[in-house]
Every structure is written in C-alpha cells, then in structure tokens.
Amino acid sequence: MQKLSTRKFLNNRVVWLYIFSGGLVLSTILLGLFYSSVTIPIPTILHIIADQTLGLGWMQEVPGNEEAIIWNIRFPRVLLAFFVGASLALAGAAFQGLLRNPLADPYTIGVSSGAALGAVFVIFFQFTIIGLGNFTLPIVSIVCGFLTLMLVFGLVRLSSRSMAIETIILAGIIIGAFLGSIISLIIALGDRDSMMQIIYWLYGSVGMRGWNYVQLIVPFMLAGSFMLIIHYRELNALALGEDAAEHIGVNVKKGKIFILVGASLLTGASVAVSGSIGFVGLVIPHLVRLVTGPNHRHVLPLSMLLGGSFLILADILARTIIAPKELPIGVITALIGAPLFAFLLIRDRVGRGKTR
Amino acid sequence: MIEVKNLSGGYSADDPIVKGLNFDIQQGEFFGLLGPNGSGKTTLFKLITGTLPLTSGEILLDNTSLFSLSKLEKARKIAVLTQESHVSFDFTVEEIVSLGRYAFQKGILKSLSKHDKNIINDVMELANVTKYRFKQFRLLSGGEKQRVLLAKALAQEPLLLLLDEPTNHLDIKHSLYMLDLLKEWQRTKQLTIFSILHDINIAALYADRIALLHEGTFLDIGEVEVLRKKDQLNKLYEVDIRTQSHPKVPKPQILMTPRNEVSVTRMELGKAYQMKQNDDFIHLEFDQPLRTISNGVIGEGIQWVKHYCNFHVDKNYDCSSPKDELEGWMRDNGIPPEQAVGMMTAVQLKYAVVRTAKIENIQFITVVTAGVGNAVDISQEGDYEREYKIGTINTMVFVDAHLTDGALVNACMSATEAKTKALSDLKVKDPFTNTIATSTSTDSLLIGVTQQGEATPYAGSGTFVGKGIGRIVYEATREAIESELKRKI
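Protein chains in written order, with the working numbering: chain A, 327 to 682; chain B, 255 to 743.
If you are wondering where the hints come from, they were derived from the structure by calculation, not from laboratory data. Beta carbons: idealized from backbone N, C-alpha and C, even for Gly. Incorrect hints may have been included.
Part of the chain B face toward chain A, derived, beta carbon under 8 Å [said to hold, decoys possible]: (1) Leu326; (2) Val334; (3) His340; (4) Phe345; (5) Tyr356.
The calculated lysine to any residue pairs, modelled on SDA-like cross-linking and capped at a C-alpha distance of 25 Å, are [claimed, not checked]: (6) B:Lys389 with A:Leu670; (7) B:Lys273 with B:Thr303; (8) B:Lys364 with A:Gly348; (9) B:Lys368 with A:Gly619; (10) A:Lys582 with B:Leu326; (11) B:Lys364 with A:Asp569; (12) A:Lys580 with B:Thr303; (13) A:Lys582 with B:Leu366; (14) B:Lys389 with A:Tyr558; (15) B:Lys530 with B:Lys569; (16) B:Lys259 with B:Thr297; (17) B:Lys364 with A:Ile583; (18) B:Lys364 with A:Gly619; (19) B:Lys483 with B:Thr658; (20) A:Lys580 with B:Lys360; (21) B:Lys530 with B:Lys560; (22) B:Lys484 with B:Ile495; (23) B:Lys560 with B:Gln593; (24) B:Lys371 with A:Trp342; (25) A:Lys582 with B:Thr303; (26) A:Lys579 with B:Leu314; (27) A:Lys579 with B:Ile313; (28) B:Lys360 with A:Gly567; (29) A:Lys582 with A:Asn427; (30) A:Lys582 with B:Glu338.
Let the sequences and hints guide you as you build the complete structure.
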C-alpha cells in the first residue's frame, strides 16, 4: 500500500514539475515582453502575439510603434534567450550524462571556445560559404565546436588510456585557453571597431539580434534536442560505465557519437547567435537533478524548460540593472551561476558526509 | 550452449595473453575459471564479453558466432556482472534494475511495459533488494550493491550469465547468499553460468566444472575433482596447497600452508606439559597444541588441541546432554572447550595410571582410567537392551612423532589392539555372554602427536611408533584394570 502511494507521489511530483516549468516558461516570456523602459499593457502584448502568430487579434487599434517594439524587438529577444538557454542547459545535461561527471558542460570541456573561435572567424573576416548564406555563422561555429571536442578527446586518448573525467576537464580547459588566446590574437590584429564588436559579442548577449538570429538557431536546436532526447535511455545506461552499458545492449559507440554531435549542434548554434554564455549548462541540469533525480527522461526536457526561463530572467536583469545601458548576459549568468554552483558543490559534499 | 574454439587474444595482437583456448559449456552448467593473478582470466572474460577484440579463433553461442549478433540481440541472451560497482549520479535501485530491460524495450517511446515491470519486480524480490527499491544506489553497502547489479543482470533474462569474481568484495554471508541465489536460478531456469572465481573453495562448492588457467593456457579442465590434484594446484599457485574433503558435501576444499610456519621451538614432549589431578578431573595442558585424533565427547575428530581432560561423573549420571554439561565444567575450571578434548568416566580418578616412556628414542606419555563393569565381547551377539553399568576405559596417548592423517588412524588401531590384548590377558569377561571381552561399551581414545620431525605415513605394529604405542598402552591398561579388579575383591 505504502509502495503504491509513494510511486503515485513520485509520478505526481514529476507531473507537477512539468506543469510548474511550463508555467515558469510562459510567465518569464510574458515578463520579458512586459518589463522594459516602455510599458505596454499585458492585454496589448497578448493581442499582438496572438495577432501575429495566429491572426486572432481582438483589439481594434494598436499603435504601430508598440507593435514594432513587441514583435520586432522584444519577442525575438525573449525567444532567442529561451532557445539559447534551453540549448545550453540541454547540451550541459547531455555532456554531464555522457561523461558521467556533474562538472562537464560546454565550457569546461572546450566546445564553447571552439565554437566561439569559429564564430569570431566568420564575424571578423565577414565571409559566407557559398550555398550556406546566413547559416555560415552557426555552421562554422558548430563544426569548430565539434572539431574542438574531437581535439580534446584526442588529447585525452593520447595522455591516458582511460577516458578519465578529470583528464577530459583538464584537456578541455587547456584547449579552451589555447583557443581563447587565438581569439585574443585575432582581436589584437583587428581595428578598434571590430575589436569592440567582437569583445562585446564574446561576453554574450541576446539583444539587438532580431528574427534573423532566431531563425538561425531554431533548426539546429530542434535537431540537436531531438537527437539528445531520443537517447535518454543510453545516457541513463552510461551511468553504469561504458562496458556495463554495452553489456545491457547499448551500442555505446553509436550512442556516444549521436550525443556528442547533438550536444555540439546545440552549443555551436547557441554560441553563434549569442556569444559565450557560461554556467547555464553547468548549473541548470545540476539543479534539475536535485529535484527529479538523475533519470535523463526527465532531466533533459526539464533542463530545457528551466534553462530557457533562466536565461530570459538573466536577460531581463542584464538590461535593467544599469538601464538604459545593458550588461552582457554572460556576466549575469556567471555572477549568479558561479556562487550557486559553489554552493551546490559544498552542499553536496556536506550532504554526502552526513549519509556516510 | 557456448563453444570456444582456438581462442587467442589480448591487448596486442603480437603478444596475446590467452593462447589457443578450446572449451565448451553445456546449457545449465556452472563453469568456473580459476587461475592466479595475471594468468589471463580477465582477458579471457573480456574476449567473451566482447570488450577486447579476438586475435584468432571463434566463440559460438548455440552454433552462431557471437560477433554476428547485434548488441541488442547479444544482450537478450548474455548478461554480465563484473566486480565493478560504480554508478554515476544518484540513480535509485529500481532505476538501475530497470536498465536491465534496455534490450527488450519496444516502440517509439521505449518505455517499460507491464511485462518488463513484472520481471523487474521478480528479480528484485529474488535478489532481496525490493526493500531498497527507492533508495539511492550510492548509499548501499558493497553486498547490497552487488545484489542490485545481479538483479539488473537477471532482468535481462539471460541464457548465459558471465561473472567476473562476483563475490570479490563480499563477506562470506553475502557471498554464499549470492551464489546460492545463482545456483537456484541455474537449476530452475537452466541458466548457464561462466564465472571467474578467485576463491578455490567457493569454486569447489559451486562450480560444476572447473578450468585452471595458467599463463594463458588451460592446465586442466574437468569436474571439481581437478581440485584434488594437489601437484597441479601447487604448480598453478606456487603455494603449498593440500586438499581435504568437505565434511558435509562430497567436494574438495583446500588448505594452504604459509611458508614461514615452522614450529617455533622444538618441544620436549616429556617436559612440555602440566598435569592437574583431583577427584573431579584430570587435566593435561601442553605448551603447544598437538595434532589429535579422538572420539572424546568434546573435540572429536582430528584437531589441534592443547588441553586434554577426563572428568569424573557419578555412576548414575544421566547422559542426556553430556556435551553441554562437559563444556560447562570445563569453563568452570578455566579450560577452553574449543581447544580441548574432553572425556568422561565413573572410575575414581585417583586410580588413573600415568606412564611415560622413551622407546627407540621416541617419547610416549599415556593416561588410562579403566573400569570393566561393562565389558563387552564385540564379536558375540549382544543384547542391546541390557542396562549398562558404568565402566569405561579412557585412554590418552601422546607421542613425539609426525604422523599423517592415515598414520593417526593406524595409531588408533595400535592402541585399541593393545587394550584388547590387556583385557584378554586379564581374562576380563563379558558378563552377558561369558566370553573374553574386547572392550567396554563406551571406551574413549585419543592420540596426540607433536608433528615434529619427518612425517611418517604408518603407525601400525610394524613401526617403532606403533610398537611403542602398543606397549605403553598395554602396560598402563593392564595396571589400571588390575587395580580395579583388586578393589572389587
């Protein structure tokens, strides 16, 4: 009897978590649309969104500038923040699951640095690959991110037979630092204008991007999320270790490639549209795991929802703290994320000490 | 079931660790792999699980090559349990066990079906981990973890289970629990088990067939009797190993001898003991334990013992639980029953005969108490209903010699023959049949030897030891009986 009720409670809890996260997403989106220097009433906002997306507006007249502010400036910004946050959190959760290490995230293992280098290249030299057009930026970014990942793994392979977690992080940091210095080199070689542009881009921002950037990230986000979410069972199995996962029937090699490619797609696309935004991929999955437990079936989707909401909130902070100027969003996420993560680490340790 | 042909492989193709192995395992068989560290056990295991690539040879499962199967097909037939029990993140026990159903999940959503859930519940029940179901795996003890991983392996409903030292970190309670569980599953579900084992005794008890791996090749394959071949085991492990039989099941068990275990100081048998004698008991305590064979109430069989005692009991002693009572008396007098042989007699202990002698440079001691009220001629038909009068011949013999187990039996024969001869020379009669008695109905005997010097396999009448025992026992027994007979007159 007791078992049944606990199980029901668990199921209920997960259902409630999804409801809560969904609600959080909607309310942060609304907050992001509402909260700004020009106040536009919420019914008007809802009308504009409904009108633009479904053609179901109910208001007779809406000032043209309000419509432009909401639809052309705020809405893409909020959506971009959501997509980037969701992508980074999902990529972080996948890397952590794959490497069996809560410290892994796109930044600690160097993927972001690689993607950033690719993006800086494209922005600095202003080139487009024929046939790709606007998608040159995200694709170069993704490919560079993936190549960096391979480079990191190659380095780990050379330095030790086992894919030890510590070695991966160490190699990621080394390669990240190396690529960072190449970016600095490019900046140093450029003129003042492009220097400012690149530096500001590197700090990370979702502002002033418009619908173009939303269009750039969406296909990669969908593809990457799909690839990762269908592999949730493999990620769970990998917690046993690669050999043991193989023994229960997981095609580890194939699964790993899918997960790495998926996570690189998400990271590369995010970095391409918004620059370097750290700590989302590290902290959000960690928090989600604390509440749901480690089952990737729930960790992956919930990380997306929470990561997206988190980044919308961070963006609101970024543009209000020193309004009318804006802070880079990467600064906000680091300022919130780093202490939070430190707290989680310590709490984890203390908690473990008690149970042992 | 599984057939391995000319299997070679290792970490590098030029220098394979296992070389040209051939063996097959029948369905429903528990196949144990034994060998010292570095003999290639784990390499062979990894070749079969597919973790390491083969250099040459093939592995057939039901006549199809193991490597033609997809990962999923393989996982539906073969489950693996290693000694590795690390799981990242805080997965619960149920989640871990559910992973065993990975290869069976169908549909786009790949969620657990009702059938999957039933199996998960069954195997958790069987492995006795249901009570930890919602507990985090990380918080379990080593034995519990291993049981959870076993449940996960069984959830795969395997035909073949591959085990790598499954009881490595477990205490004997959990080891036996786990192996009994496997044995049960083997019997009821015709599960085939291939297991690396590091404990030879465990292997002897649980494996149906055993292979001994030595430097990458098989030294021997066969039923547990391969473990009785002492020389082979000595070669394999380079340790002095002896085998003995388990007292309850017909399986060999091994005994190891540490290299530096030589006797501390040479014991002078005649001086190395204290004897205490009063109306209640006679107690001999030796400085060092002696290898002893006896049929005493306490300490029967072959043991190493330091304390020897003979307790006086009343003629009308009610012998319903002599063992417990004797233990109590020993403790009351500061004698540890675990290190003692204890006998009982109704004879007054002041009439005990103690003799020491040195015959052919061998030291002998004997202590005899004798009563012949109950003398029996063993060769005549007896009346088992007759009321026993108390009367017993208790004989202790201590010899400074090194006897094998067989020689100890020999020594018992020698002592018994001497006693019988004494009875016959004194014309002690079975009061019932009126023929010469051969013994009394409840005689006790013990032979204690120092195990110093060369080991001798014989202690019968053709040896100095046997002769010596015979002589000293005869004389002491005769004296004891004569004094008893005198008292009666």
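Now for the hints, and whether the structure bears them out:
no. : hint                   : in the structure
1   : Leu326                 : holds (5 Å)
2   : Val334                 : holds (4 Å)
3   : His340                 : holds (7 Å)
4   : Phe345                 : holds (5 Å)
5   : Tyr356                 : holds (5 Å)
6   : B:Lys389 with A:Leu670 : holds (21 Å)
7   : B:Lys273 with B:Thr303 : holds (17 Å)
8   : B:Lys364 with A:Gly348 : holds (24 Å)
9   : B:Lys368 with A:Gly619 : holds (23 Å)
10  : A:Lys582 with B:Leu326 : holds (16 Å)
11  : B:Lys364 with A:Asp569 : holds (22 Å)
12  : A:Lys580 with B:Thr303 : holds (18 Å)
13  : A:Lys582 with B:Leu366 : holds (23 Å)
14  : B:Lys389 with A:Tyr558 : holds (21 Å)
15  : B:Lys530 with B:Lys569 : holds (23 Å)
16  : B:Lys259 with B:Thr297 : holds (16 Å)
17  : B:Lys364 with A:Ile583 : holds (20 Å)
18  : B:Lys364 with A:Gly619 : holds (19 Å)
19  : B:Lys483 with B:Thr658 : holds (18 Å)
20  : A:Lys580 with B:Lys360 : holds (19 Å)
21  : B:Lys530 with B:Lys560 : holds (14 Å)
22  : B:Lys484 with B:Ile495 : holds (7 Å)
23  : B:Lys560 with B:Gln593 : holds (6 Å)
24  : B:Lys371 with A:Trp342 : holds (24 Å)
25  : A:Lys582 with B:Thr303 : holds (20 Å)
26  : A:Lys579 with B:Leu314 : holds (24 Å)
27  : A:Lys579 with B:Ile313 : holds (22 Å)
28  : B:Lys360 with A:Gly567 : holds (23 Å)
29  : A:Lys582 with A:Asn427 : holds (15 Å)
30  : A:Lys582 with B:Glu338 : holds (21 Å)
Checked against the numbered hints listed earlier, the structure breaks none of them; every hint is satisfied.
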